[in-house]
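If you read the sequences in order, they're chains A and B.
Using the working numbering, you'd call the opening residue of the first sequence number 1291 and step up by one each time.
Using the working numbering, you'd call the opening residue of the second sequence number 692 and step up by one each time.
Heads up, some of the hints might be wrong.
Unchecked claim - Simulated DEER-style distance windows between Cβ atoms:
#1 Ala-903/B with Ala-1347/A: 56 to 64 Å
#2 Met-1291/A with Asp-1118/B: 43 to 51 Å
#3 Leu-1328/A with Ala-1192/B: 38 to 46 Å
#4 Trp-1335/A with Cys-1200/B: 31 to 39 Å
#5 Leu-1328/A with Ser-1176/B: 46 to 54 Å
#6 Ala-952/B with Leu-1328/A: 38 to 46 Å
#7 Glu-916/B with Met-1291/A: 47 to 55 Å
#8 Trp-1335/A with Ser-1176/B: 26 to 34 Å
#9 Glu-742/B with Ala-1347/A: 54 to 62 Å
#10 His-1204/B with Thr-1320/A: 31 to 39 Å
#11 Ile-1346/A with Ala-952/B: 29 to 37 Å
#12 Leu-1328/A with Ala-903/B: 43 to 51 Å
Hints are computed from structural coordinates only; laboratory data are not their basis.
The structure displayed is predicted, hence computed values, not measured ones.
Just so you know, even glycine gets a beta-carbon here, dropped at the ideal spot from N, CA and C.
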Amino acid sequence: MILLTTGLTLAGCALLALSQDHNWKLVTGTAPIGRTQLVIRVGGWVLPGASLVVGIAVEDPGFAVVTWMLQLAVACFVVAMTLGFHPGLLRLVARTCSGYRRISSGREA
Amino acid sequence: MRLHVPEHFRQSMGWLHTWLGIALAAVLFAIFWTGTLTVFDREIDRWMKPELRAPTPQNVSLDETALPRLAQLDLQPGSVVWVGIPRERIPAVRLFYDEANGDSREEWLDPRTGDVIELTDSHAGSEFLFPFHFMLHIPGNLGYYIVGLAALGMMVLVVSGIFVHRKIIRDFFTFRPQKQARRAFLDFHNLTAVVALPFHFIMPFSGLLILATTWFPWSMAVPFEGDIRKLDVALLAYEEPMIDPAGEPGGPVGSLDAHVARATAMWRAEEGRGTSEPEWVAIFNVNDAKSYVVVERYFANRRVALGPDQIVFDPRSGQVIDRFRPLPVHGVSAWIEGLHWIQFDHWTLRWLYFIAGLGGCAMIGTGLIYWMQARINKTRPDPASVRIVRAIGIGSTMGIVIATAVFLIANRLIPGDVALEGVHRHDLEILAFFLAWILAFAHAAVRDRKAWREQCIAVAGLGMLAVVLNWTTTGHHPIAAMGVSAWSVLVMDLVVLAAAATALLAAVCLRRHGE
């Protein structure tokens, strides 16, 4: 279960980061498109929320909230480090969100 | 998200954040560092006291371990005996009792045989690092007051830091290592601060709450007619006898296992199968006609809240004579205190606390470095203020890490039978810790910029040496530790090695970028 909540939190944070124009451009090399950005932003809020719901469903709400809060912190840190050192690693997430269109290598910019 | 605050207010907050941070950085780092290590205090105990490395057996009988030992002891009549039930992280039966001559004693018993374990004389994690976290080992109450003020300062730093940031959401994901070093350090400071903002606020707040009776004893005691003992009894349960001893000899207290089983059944009936296990059994008015037994646990139904839940038994009839649960008003503070104490069995949360604690250390360290970088001009010698802050900064950050490594090494090198007039073995370990720390400060003052890299190399070397010494003195190299299920030793060795590797990497980076 911890893997599921961690995965949801990490994916959510990656989407939240990509929903920022400068991060999207850093990863993909292209300007963000309105519809894709909406999908990413909604996903970025929904996935961490889902992680919290799953946590509360399987253990004491107190533990779930504290665990979620710290998972979120670690996930944000990991995403920030990825953007700092290897932004290309997030290209797969960006491609998935944009339906595998418009993003080639991310080196155009 | 942009915080719309007047510019002059932002500047005032920036000034406050900078100078309060500089003033408190050293003590805050020490508190954060020891607090982070305390998350695994019992595991450090097991590393430093190899007699405790065996896994905890299931279904330990107190009747076969604690009671035979208690029968051998000359206990002070009418006193209290506490029996700690072995748990996953504490693999022994613990006895705390008063001898007939009034001396208080502590013994650890083998949970399989009941034999007294001759432990390595070390204060290790739970008796050195843990108290250091909240009282800095300064005699009297001064250490508590310093830590209290630092905690208060930390909360001010967190709030002022929020106002200093113009774009707090953007900071969630901003780290630019390719920019100049000063910018990268500020990014890292912002990142580690912002992602764990609730943690950085709740920890000092809960710490202040835990020791509120130390900092504000009179105001806390007002509702109890100024009597702090009454306050403790109301909040913390039966630490004091509730029935006066008869003054006449009494019979045995019967089966402790039966009382434990009964208490567990009662809790299970209330909460279902997932209920938590009892942690302590206390025999009040021992060897007296009015003795009674208390079975206690601290984390009801595996929840965050830390609060005693006690069932009191009459040992003669086996009847429940009382039940203590904290007052409802204690509920909120019990939750917040439980959050800080982290004594519950939740390994995921334990590791997350450890990581967040390291993040806090990194936040303080990078904040200090940023302050210095902002005042360094490569064409001129560093100003005195920078040199002083650098020496204090290196000594208080890298220095305490070096001191901790030396503490571990001293633990493995000092012989068990060392006999010095009036000096215990554990005192020598602590002496090694403080000597190493003082030397680190002195080295930082003398070596100036080069001290960062040299102390990183020292951390790497000492960390590896600690692991090697653990291997040579106990035979528990990582693979052997795995073989005997000494997981705490294995993981601790790996964490120390990871810290050594990180320090080595930092030293290489510093060399590459000209200190």
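Here is what the structure says about each hint:
1. Between Ala-903/B and Ala-1347/A the beta carbons are some 35 Å apart, a value that contradicts the proposed interval 56 to 64 Å.
2. Judged by the Cβ atoms, the range 43 to 51 Å given for Met-1291/A and Asp-1118/B holds: they are separated by roughly 46 Å.
3. A hinted range of 38 to 46 Å for the beta carbons of Leu-1328/A and Ala-1192/B is consistent with their spacing of about 43 Å.
4. Checked against the hint of 31 to 39 Å, the pair Trp-1335/A and Cys-1200/B passes, with Cβ atoms roughly 36 Å apart.
5. In this structure the supplied range 46 to 54 Å holds for Leu-1328/A paired with Ser-1176/B, their Cβ-Cβ distance being about 52 Å.
6. Distance hint for Ala-952/B and Leu-1328/A: a CB-CB separation of about 59 Å, inconsistent with the stated range 38 to 46 Å.
7. Hint check: Glu-916/B to Met-1291/A, Cβ distance near 50 Å, so the stated range 47 to 55 Å holds.
8. Take Trp-1335/A and Ser-1176/B: their Cβ atoms lie about 43 Å apart, and the range 26 to 34 Å is violated.
9. At roughly 42 Å, the beta-carbon separation of Glu-742/B and Ala-1347/A lies outside the given 54 to 62 Å, and the hint is violated.
10. Distance hint for His-1204/B and Thr-1320/A: a CB-CB separation of about 33 Å, consistent with the stated range 31 to 39 Å.
11. Between Ile-1346/A and Ala-952/B the beta carbons are some 32 Å apart, a value that agrees with the proposed interval 29 to 37 Å.
12. Restraint check, Leu-1328/A to Ala-903/B: a C-beta distance of roughly 48 Å satisfies the suggested window 43 to 51 Å.
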